[in-house]
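2 protein chains.
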Amino acid sequence: MPVYKAPLREYRFLLHETFNMSQYAALPGFRDAPLDVVDAILDEAAKLSEEVLQPLNQIGDREGCKLENGVVTTPKGFREAYKTLVEGGWPALVADPAFGGQGLPNALGVIFNEMVSSANMAFGMYPGLSHGAYSALLHHGTEEQKKTYLPKLVSGEWTGTMNLTEPHCGTDLGLLRTKAVPQADGSYRITGTKIFISAGEHDLADNILHLVLARVEGAPQGIKGISLFLVPKYLLKDDGSLGARNGVSCGAVENKMGIHGNATCVLNYDEATGFLVGEENKGMRAMFTMMNEARLGVGLQGLSQSEAAYQNAAAYAKERLQGRSLTGPKAADKPADPILVHPDVRRMLLNAKAFNEGARALLVWTALQGDLSHASDDATVREFADDMMALLTPVVKAHLTDRGFANAVEAQQVYGGHGYIEENGLAQFVRDARIAMIYEGANGIQALDLVGRKLAANGGRAVFAFFKRVDDFLAEAGKTEKLAPFVVALSAARKDLEAATMWFMENALQNPDNAGAGSTDYLHLFGVTAVTFMWSLMAKAALEKLDGAAEDKSFYETKLKTGLYYVERVAPETALYLARIRIGAAPLMAFGADEF
Amino acid sequence: MPVYKAPLREYRFLLHETFNMSQYAALPGFRDAPLDVVDAILDEAAKLSEEVLQPLNQIGDREGCKLENGVVTTPKGFREAYKTLVEGGWPALVADPAFGGQGLPNALGVIFNEMVSSANMAFGMYPGLSHGAYSALLHHGTEEQKKTYLPKLVSGEWTGTMNLTEPHCGTDLGLLRTKAVPQADGSYRITGTKIFISAGEHDLADNILHLVLARVEGAPQGIKGISLFLVPKYLLKDDGSLGARNGVSCGAVENKMGIHGNATCVLNYDEATGFLVGEENKGMRAMFTMMNEARLGVGLQGLSQSEAAYQNAAAYAKERLQGRSLTGPKAADKPADPILVHPDVRRMLLNAKAFNEGARALLVWTALQGDLSHASDDATVREFADDMMALLTPVVKAHLTDRGFANAVEAQQVYGGHGYIEENGLAQFVRDARIAMIYEGANGIQALDLVGRKLAANGGRAVFAFFKRVDDFLAEAGKTEKLAPFVVALSAARKDLEAATMWFMENALQNPDNAGAGSTDYLHLFGVTAVTFMWSLMAKAALEKLDGAAEDKSFYETKLKTGLYYVERVAPETALYLARIRIGAAPLMAFGADEF
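Protein chains in written order, with my numbering: chain X, 1 to 596; chain Y, 1 to 596.
Chain X extracted, bound-state conformation (with noise of 0.2 Å):
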């Protein structure tokens, strides 16, 4: 039986002594949270997750989510946890104050999210697609939309849905045919099919809110013809209470590799009414604000599936005797010696902890530049702020989830035979964190994202933003002696980083293909330097603990080693991204279509 325990000295190093969050005490939010608080909160969300979700996890995984008669039972057990996440509170964590939120950090939010997401990941999106859900309807809704729905979103008693994909189109939105046609009473009639529609029908709330990308009849073709509009699944009566069942039906749960826990759905649309949101043909911009929050939120689920398996995998090479160290028992005591004496089980082991960590400082120091970038009373900060969450949500979502895969690939190895028994837990982080490389945006759609919108955005502003900031630090950190491994590796990432930008910036505008051909070698540049840059702010800060008077010296030595393998055997991985980018696209379109 796998097992989950919620790394909270970590977050507290990362709050507490790498980003010193008490620095923004003054700022709205932030004034809601003193360290106090938030060691309270945290204490919290990890008993839920530990006590309430964990245990769910492979129930959820082997009973999966049951279609009858157009109603979707979710599995054993799920719809308590799901009381009791609503009973504290939880989906109001982050949420405005005006609609009953507590309006605390999304630093602090993606910390909550990691959590669930680690001891239960197809729990976790039933609230994560609310939040979705109402990210939209408050950026983009009307004042009595808010004011009807919001509450409900909030409190967690409704939940919420996002509708993009349907059969022939999931990338390339502008393809989409559900139609929706005006009404006299200002709603609207929706029709069509979507699919992949997560947390799509379920047992759980009393009333789920679908937000759909449709166009409006007579609207231009493409994604510029494209609406949003507001469905939900039991339409509103003048008071507010529950009225009538609207016109939208689960027509199948999908038999998924993983997430069964999860109600991923087909979702009829049969003149269903629905209510716009924002503007006509002015949907994809506000389905951009639910996907931008919505590609960090899965860019955690990475990180929460390699963090649950390397526990597992960890406490396994612990305890399985089997052969002895290449360098002489080690526990001579006993038949065999641990696995964990052997270099090549380390390598794996390691592998996944100094990522998990250092991908943890990426995602919560990015949620809180997203945080800065409305709460900051400073114009530069909030620029800064913008700029690096801009630039970086699809480096957070693409890096952590194809690392994260590949670090539960490597955790279920630790286990040997096993770990490809399902009993035994691994198997679901594997399957379970496939999914996060693809939805949202496949990783591919992310690092075209990153190639060909966020570096050329106001001229470049962001990444130069990104290795200035760099410099400062490197400038800073080179007078420390011992922070010299990390000064060299930092600072060798950040040539090859820059290096592939300016090689970009010289080939890709003649022949885009040169930064397709490069995208993803490049994004996972960005996101190795990008964690070499959060190692380094780590290992400064821990030498600093260990250069006072710190009680706890095993933590910050420990941490140290960590960054240190990072940056010693992960990092120079940037050198490979480089020389293939600069390769171009040249050998990928020699080829025909009848050639593959």
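Certain hints may be false.
[What the hints assert, rightly or not] Stretches of chain X that chain Y covers, calculated by requiring three or more beta carbons in the stretch to come under 8 Å of a beta carbon on chain Y:
1) 32-39
2) 414-424
3) 580-586
What the hints contain is simulated information worked out from the structure, not anything from laboratory work.
Here a beta-carbon is modelled for each residue, glycine too, at the ideal position from N, C-alpha and C.
Given chain X, work out where chain Y should sit, using these hints.
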């Protein structure tokens, strides 16, 4: 619904045009396989795979194997398919003519097995394991045992299994507890529990021959006290017909991540009658005979899933219309371009295609060396062949399965969300491929075998022979200008491999953990170098054809482009592996157990 088409043209290119199999026409085995016979055999094997086995692949995954009252039922259609396989004489393909075999080279055997495994990996394991049992009996059984049992294995009337693993021991067989008590009649009573026994119990054949590792009462501790026994499911009467049911029963069928169509069994031995194979306490030697052959067979499973997944992803990328090329519409008459226009989609497909073709060459070349190590009348050739077979077996096993799995994952990615839906079949390729990295010695064990045993054997004779063969090729190929990119890449890879080998020689003696820490990197460094060598041989063959008055020019042109992709985009990985190897064990061993 997934499809599969056997790559017959590829096999012909390898056997006839790259490795010039006709040069061995005078040797035993090869003598019976003139080119037209080989082609006819491969055509028939393709039909069997495409028409009989592939259509059962998803059924097998969905239904799995069921255990009821000790009887295991295989998925619908498996019995009939197995009958077809037996009637076609396929289990006899590479078996000894003295026992009813056709005696053909194993180079043909691995090609047959690749097709079967691409079509239906779970099914292919039933005859695959029989062949392992056949090998152990052939090399270590008494004349009486061979005469009694081999013809039934060769015909496929009976199947075989390998019983190594116990709940508390897998890699470290020295810990095994299954005991054997000698009886007055020369037989033994076997008692114990074996787990993870592939094809351990099923309804395909009349009898199952279990080859079981056990410890004779009073034998030494550890691997020096292990013996190999033959334990038939049904004992034989004096006339050779089936007699009493033996004391072995299936206690459970494991619920696994994949290969559901193969029954992975817990086998309980309760005073079962067993017959010693080989000498008492020499069971490990006999087991290694089985395992070396089996490891090539597992390597090809990695390739097989990569090939099947690639074929489907390539077809999907040509059909799926979504978005437009970065360089302007390519299918302006359609609502969108096929996603094959995108460089990043091509990257995923070409990673698989270039790997598959190069890895297949390595597989066939290695199997051919295995053939020559027995069949050649030249002692120098036999020594070289034997060295290559030993050296490359762990490389083929681990490199082909690690990469094969990664390619299946990338092929799944090409499908976007549709890749995560089970009915489209891509998830199954990923789930099935996953086991090949684990069983027959987890890939980390292969890496240790390579650096700890194979490199050092005979004073490094094998690896130096490999370098010499590469150097001979480079000296010759250096004269051909069109081979320049291959010569450059192969020289660079070879240099990195040599530097890594030297680094081990200088640093691993004093601290074996330095070899362990770099072992997996070294294995892949070797794999990439070997595949680069294979691509160089194929490029040379293709260029010769193009320079001549070849028909089928487009085949050779595509071959060259695919090879260029590999040497330009994949081969440069060797520098990263070398850099990591040179870091050594320190960053891994610096951690105490409580720091994980």
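How the hints compare with the structure:
1. Judged by the Cβ-Cβ criterion of 8 Å, the segment 32-39 of chain X is not covered by chain Y as claimed, because only 0 of its residues qualify and three are needed.
2. Under a criterion of three residues with beta carbons nearer than 8 Å to beta carbons of chain Y, the stated coverage of the segment 414-424 of chain X is upheld, 7 such residues being counted.
3. Restraint check on the segment 580-586 of chain X versus chain Y: 3 residues with Cβ-Cβ distances below 8 Å, three needed, restraint holds.
Hint compliance for this structure: hint 1 is the single one not met.
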